Amino acid sequence: MRRSVAASVDKVAGPPAAFPKPPDRYRTFTALVSWAAPASLILIVAVLILQARPAITRFGLNFLIGTEWNPVTLNFGALPAIFGTVVTSAIAIAIALPVGIAVAVVLAEPGARGIRAAMGIGIELLAAIPSVVYGIWALYVLAPWALLHLEIPITEHLGFIGFLSGPPGQSSLFTASLVLAIMILPTLTAVSRDVIRAVPRGLRESTVALGATWWETVWHVILPAARAGIFGATILAVGRALAETIAVTMVIGNRFEIPHSIFSPAYTLASVIANEFNEATGDIYPAALVELGLVLILVTLTVNVVALLLVRSAQARVTI
Amino acid sequence: MIQPMAHIGRPELRTMPGAAPAKFQVDSLSFFYGKTQALKDITFQIPEKRITAIIGPSGCGKTTLLRVFNRMYDLVPDARAKGSVVLDGEDILTTTKLLLLRQKVGMVFQRPSPFPMSIRDNVAFAPRLLGWKSTKISEIVQQSLERAALWDEVSDRLDAPATSLSGGQQQRLVIARCLAVSPDVILMDEPCSALDPVATLKIEDLMVQLAHDYTIVIVTHNMQQAARVSDFTAFMLMNTDHRYGELIEFAPTADLFNQPQDSRTEAYITGRFG
Ligand SMILES: Nc1ncnc2c1ncn2[C@@H]1O[C@H](COP(=O)(O)OP(=O)(O)OP(=O)(O)O)[C@@H](O)[C@H]1O
Ligand SMILES: [Mg+2]
Numbered sequence: 001m002r003r004s005v006a007a008s009v010d011k012v013a014g015p016p017a018a019f020p021k022p023p024d025r026y027r028t029f030t031a032l033v034s035w036a037a038p039a040s041l042i043l044i045v046a047v048l049i050l051q052a053r054p055a056i057t058r059f060g061l062n063f064l065i066g067t068e069w070n071p072v073t074l075n076f077g078a079l080p081a082i083f084g085t086v087v088t089s090a091i092a093i094a095i096a097l098p099v100g101i102a103v104a105v106v107l108a109e110p111g112a113r114g115i116r117a118a119m120g121i122g123i124e125l126l127a128a129i130p131s132v133v134y135g136i137w138a139l140y141v142l143a144p145w146a147l148l149h150l151e152i153p154i155t156e157h158l159g160f161i162g163f164l165s166g167p168p169g170q171s172s173l174f175t176a177s178l179v180l181a182i183m184i185l186p187t188l189t190a191v192s193r194d195v196i197r198a199v200p201r202g203l204r205e206s207t208v209a210l211g212a213t214w215w216e217t218v219w220h221v222i223l224p225a226a227r228a229g230i231f232g233a234t235i236l237a238v239g240r241a242l243a244e245t246i247a248v249t250m251v252i253g254n255r256f257e258i259p260h261s262i263f264s265p266a267y268t269l270a271s272v273i274a275n276e277f278n279e280a281t282g283d284i285y286p287a288a289l290v291e292l293g294l295v296l297i298l299v300t301l302t303v304n305v306v307a308l309l310l311v312r313s314a315q316a317r318v319t320i
Numbered sequence: 001m002i003q004p005m006a007h008i009g010r011p012e013l014r015t016m017p018g019a020a021p022a023k024f025q026v027d028s029l030s031f032f033y034g035k036t037q038a039l040k041d042i043t044f045q046i047p048e049k050r051i052t053a054i055i056g057p058s059g060c061g062k063t064t065l066l067r068v069f070n071r072m073y074d075l076v077p078d079a080r081a082k083g084s085v086v087l088d089g090e091d092i093l094t095t096t097k098l099l100l101l102r103q104k105v106g107m108v109f110q111r112p113s114p115f116p117m118s119i120r121d122n123v124a125f126a127p128r129l130l131g132w133k134s135t136k137i138s139e140i141v142q143q144s145l146e147r148a149a150l151w152d153e154v155s156d157r158l159d160a161p162a163t164s165l166s167g168g169q170q171q172r173l174v175i176a177r178c179l180a181v182s183p184d185v186i187l188m189d190e191p192c193s194a195l196d197p198v199a200t201l202k203i204e205d206l207m208v209q210l211a212h213d214y215t216i217v218i219v220t221h222n223m224q225q226a227a228r229v230s231d232f233t234a235f236m237l238m239n240t241d242h243r244y245g246e247l248i249e250f251a252p253t254a255d256l257f258n259q260p261q262d263s264r265t266e267a268y269i270t271g272r273f274g
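In the order they appear, the protein sequences are chains A and B. Going by the working numbering, the first sequence opens with residue 1, and the numbers climb by one from there. Going by the working numbering, the second sequence opens with residue 1, and the numbers climb by one from there.
To be clear, the hints were calculated from the coordinates, so they are not data collected in a lab. Fair warning: this is a prediction, and the values are worked out from it, not measured in the lab. Glycine included, every Cβ here is placed at the ideal spot set by N, Cα and C. It cannot be assumed that every hint is accurate.
[Claimed, not checked] If you want the footprint, here are the derived chain A segments under chain B, 3+ residues with CB under 8 Å:
| id | stretch |
| --- | --- |
| 1 | 27-36 |
| 2 | 194-204 |
[Stated by the list, open to error] With a straight-line cut-off of 20 Å between C-alpha atoms, the simulated EDC-like cross-links for lysine to aspartate or glutamate are:
| id | chain 1 | residue 1 | chain 2 | residue 2 |
| --- | --- | --- | --- | --- |
| 3 | B | Lys104 | A | Glu205 |
| 4 | B | Lys104 | A | Glu109 |
| 5 | B | Lys40 | B | Asp78 |
| 6 | B | Lys97 | A | Asp24 |
| 7 | B | Lys133 | A | Glu216 |
| 8 | B | Lys40 | B | Asp27 |
| 9 | B | Lys97 | A | Glu68 |
| 10 | B | Lys35 | B | Asp88 |
| 11 | B | Lys40 | B | Asp74 |
| 12 | B | Lys104 | B | Glu246 |
[Stated by the list, open to error] Label pairs and their in silico Cβ distance ranges:
| id | chain 1 | residue 1 | chain 2 | residue 2 | range |
| --- | --- | --- | --- | --- | --- |
| 13 | B | Asp196 | A | Ala94 | 45 to 53 Å |
| 14 | B | Arg157 | A | Val306 | 27 to 35 Å |
| 15 | B | Asp196 | A | Gly229 | 39 to 47 Å |
| 16 | B | Ser30 | A | Leu126 | 40 to 48 Å |
| 17 | B | His242 | A | Ala228 | 45 to 53 Å |
| 18 | B | Asp159 | A | Ala127 | 39 to 47 Å |
| 19 | A | Leu150 | B | Asp156 | 24 to 32 Å |
| 20 | A | Trp219 | B | Glu146 | 24 to 32 Å |
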């Protein structure tokens, strides 16, 4: 029976009916590998929960909304760190996305291949710089520069807006966001460039043939067509920003509070863990730090899920 | 001896070939991609409100020639054209009013490229860029879809994504999209090569309809198609010594197919018709 179906398909479609199945051993192997990823995630979370148990039972949900972090009285709450993590990443994306897309659009243009290829490679190399090096550079170069040319002017002119008020400082939420923005820019740009380049040429040509300017073509057709891919690139970048530890720790000021202004020092989940794990003793303190790790995973997952839902709902339609 | 063909050219025009004024006056047009020459010394006139077919073997420069008429070659780095192509008294090779030119000279590509938006927004795209009023635009959307013989099929789902249409419908949508800014000329580059025979016939009917109001230039590989729909035919061939495309013969379609003046034209059309 199967044979006859295959034969009749053969007559219609030609050779592909004889496409060989992969060998069993290969399939078992790939199945194992593909299950390893979700399994290890579950395993990691399970171990973290086990380690964080004393803190989880003691603080319950209050851990998420508590604002105090006191190793002396053993009172721990994660909210300021959650705030720092989410806000630095959000500001970083807000800065990096427009810049990254603009550069990607230019790099994806046909013509002047040599220059563009060189620029492209340069940008990809930026992604290879270790984050601790970014941190050092940020500490010595970026932070002083940003203080002088961004923070001071902004607080002077726009200081009446609460979260932009002074006093400005070298170590701040804003400086950390700036470093993050620079760190995620290369990946964001490189992936967006490839996605934009993959937009069918016919789409671009049809738009131009309708009398659209270059700008209109990019804005109304190319970017919407590349939207899904750019969104994917953004998600990658957000993931990196949320989890970035060293570079942020070096410039954020490490103060455990929800700052009133983005120019004040703050803290992130990853930075707290990195800074305090070595000296955490006793039962509750290390458990609270491990729970911060759990919260970080939770934040990352939430951001990803929300992003996915956003994509789904936005996929339905675009208009000009 | 060539078999006379039963139905060549549009019936109503067979009696009055060549009676139309010229829309494009192409004069010693040469074209270069960087250092390679793709077209050499092309001279002919494309008549107004007629269908002109461009035929010839692959690589002879048909697409290149077509893309001169709306300056699409500007998108290709290092491409340049010499000579002159006059449209309504203005040389389009030197014009700076590119957007106006492309509004006047629409183009339909081999593969339909509906924009990633609704059917309505696809047709309204160019009018919106021009900043026309929205009441006027919805009128235009309906008119254009009607002219493209698509209205009846999509009137109840204008807000559906354009990509949900079939290939033939997409091609008519793209035609509607280009009609929306009221062009004078429609350039078509193998518009039916990705379509099945039924969809192809629909597009051909549509072209004949549109030729009452528009000048149509169509590149086609299908000689029967050229014979069926066009009023004039240009036959191009690649010069084997220099590898650039040349215009071998341009004539009313019936003449070109029945009494080709050039032996190469005869060889080409008989070779294909067997
Ligand atoms: N963008 C380009 N850059 C360089 N050379 C090109 C480019 N486009 C076309 N050519 C060359 O110009 C010549 C004519 O190409 P063209 O596409 O006009 O042929 P065509 O007659 O349309 O062929 P087909 O029937 O296969 O579509 C070919 O030799 C081709 O290699
Ligand atoms: Mg072609």
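Going through the hints against the structure:
With a cut-off of 8 Å between beta carbons, the stretch 27-36 of chain A has 0 residues touching chain B; three or more are needed, and the interface restraint is violated. A stretch counts as covered by a chain when three or more of its residues have a beta carbon under 8 Å from one of that chain; for the stretch 194-204 of chain A and chain B the count is 4, and the coverage holds. This hinted pair checks out: Lys104/B and Glu205/A have alpha carbons roughly 16 Å apart, not beyond 20 Å. In summary, the hint linking Lys104/B to Glu109/A is not supported, as the alpha carbons are separated by about 26 Å, beyond the 20 Å threshold.
Between Lys40/B and Asp78/B the alpha-carbon distance is near 17 Å, which keeps this suggested pair within the 20 Å criterion. Pair hint Lys97/B plus Asp24/A does not hold up; C-alpha atoms about 64 Å apart against a cutoff of 20 Å. Between Lys133/B and Glu216/A, the direct Cα distance comes to roughly 18 Å. Compliance with the 20 Å bound is thereby established for this hinted pair. A C-alpha spacing of about 11 Å is found between Lys40/B and Asp27/B, which places the hinted pair at or below 20 Å, so the restraint holds.
The straight-line distance between the Cα atoms of Lys97/B and Glu68/A is roughly 66 Å, outside the 20 Å bound, and the hint therefore fails. Between Lys35/B and Asp88/B the alpha-carbon distance is near 31 Å, which puts this suggested pair outside the 20 Å criterion. A threshold of 20 Å between alpha carbons decides the hint, and for Lys40/B with Asp74/B the separation of about 19 Å falls inside it, so the pair holds. About 27 Å separates the Cα atoms of Lys104/B and Glu246/B, which puts this hinted pair outside 20 Å; it is violated.
Between Asp196/B and Ala94/A the C-beta distance comes to about 49 Å, which sits within the given range of 45 to 53 Å. Judged by the Cβ atoms, the range 27 to 35 Å given for Arg157/B and Val306/A holds: they are separated by roughly 31 Å. Between Asp196/B and Gly229/A, the C-beta spacing of about 32 Å breaks the proposed range 39 to 47 Å. Separated by about 45 Å at the C-beta atoms, Ser30/B and Leu126/A satisfy the suggested range of 40 to 48 Å.
One distance hint, 45 to 53 Å for the beta-carbon pair His242/B and Ala228/A, holds here, with the actual separation near 46 Å. Between Asp159/B and Ala127/A the C-beta distance comes to about 41 Å, which sits within the given range of 39 to 47 Å. The supplied range of 24 to 32 Å is broken by Leu150/A and Asp156/B, whose beta-carbon atoms lie about 55 Å from each other. Between Trp219/A and Glu146/B the C-beta distance comes to about 30 Å, which sits within the given range of 24 to 32 Å.
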